[in-house]
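Assemble the complex: chain A is given as a structure, and chain B must be docked to it using the hints.
Sequences listed follow chains A and B, in order. Using the numbering used here, read the first sequence as starting at 221 and increasing by one per residue. Using the numbering used here, read the second sequence as starting at 89 and increasing by one per residue.
Calculated from the structure, these hints are not laboratory results. Bear in mind the structure is a predicted one, so any value in this text is a computation, not a measurement. Yeah, the Cβ is synthetic: ideal placement off N, Cα and C, and Gly gets one too. Incorrect hints may appear among the rest.
Interface residues of chain A toward chain B, partial, derived using beta-carbon atoms under 7 Å [what the hints assert, rightly or not]:
#1 Tyr249
#2 Pro262
#3 Tyr294
#4 Gly304
#5 Phe307
#6 Gln317
#7 Phe320
#8 Thr322
#9 Gly323
One-sided excerpt, in silico: chain A residues whose CB lies under 7 Å from chain B [claimed, not checked]:
#10 Phe264
#11 Gly312
#12 Phe318
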Amino acid sequence: QQPVQSPQAVILREGEDAVINCSSSKALYSVHWYRQKHGEAPVFLMILLKGGEQKGHEKISASFNEKKQQSSLYLTASQLSYSGTYFCGTLGGTGNQFYFGTGTSLTVIP
Amino acid sequence: ETGVTQSPTHLIKTRGQQVTLRCSSQSGHNTVSWYQQALGQGPQFIFQYYREEENGRGNFPPRFSGLQFPNYSSELNVNALELDDSALYLCASNGQGAGANVLTFGAGSRLTVL
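This is chain A alone, in the form it adopts within the complex (with noise of 0.2 Å):
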């Protein structure tokens, strides 16, 4: 059930953009992003609750398509500080088990 995200790596320069995709074989009803810097702990960037709605975090924003069980994260003119592991996730099973995703390393270069 874990969703699969692309690409696994990327590497920008600063104030290039990028996007993060995110899909899921099975039915997304709610899309959560995180970012995880090295050694820290994973922190909540966004959630997308309906099919095609859009939001944005500073110069981050995300897209989820409801019917075709996926999500996309665009990272705009990114910065250094955008550098980490990014993750989608969505709640599934019961208990509302979190699953997260394969993860995409983004590397911000000056």
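Same frame as chain A, now just chain B:
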């Protein structure tokens, strides 16, 4: 508002030993879940506790067990440690209402099994 705190931050054990990891949930949060994160992997759900009862379990053997206390803090116990148990163990808490689905993570306990 205090965040999620975990202890210890690092520990080393040998195969066959037992370990207890502790977690204090964020103030106002009554649900705690535990995750295992192997190096280079995403966190894997172990189990969740709500009102002192296990409320969901991932694909982990029974030697992984837990407790939640009346103050919502929690413990993760692992018996008969194996080398593959070496990982970062993350605790997350969440509450009710508008923020019910948002997980707040602790910094984790890094376990090394030799």
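Hint check:
| no. | hint | in the structure |
| --- | --- | --- |
| 1 | Tyr249 | 10 Å, violated |
| 2 | Pro262 | 5 Å, holds |
| 3 | Tyr294 | 21 Å, violated |
| 4 | Gly304 | 13 Å, violated |
| 5 | Phe307 | 6 Å, holds |
| 6 | Gln317 | 5 Å, holds |
| 7 | Phe320 | 4 Å, holds |
| 8 | Thr322 | 6 Å, holds |
| 9 | Gly323 | 5 Å, holds |
| 10 | Phe264 | 5 Å, holds |
| 11 | Gly312 | 9 Å, violated |
| 12 | Phe318 | 6 Å, holds |
Hints 1, 3, 4 and 11 from the earlier list are contradicted by this structure; the remaining hints agree with it.
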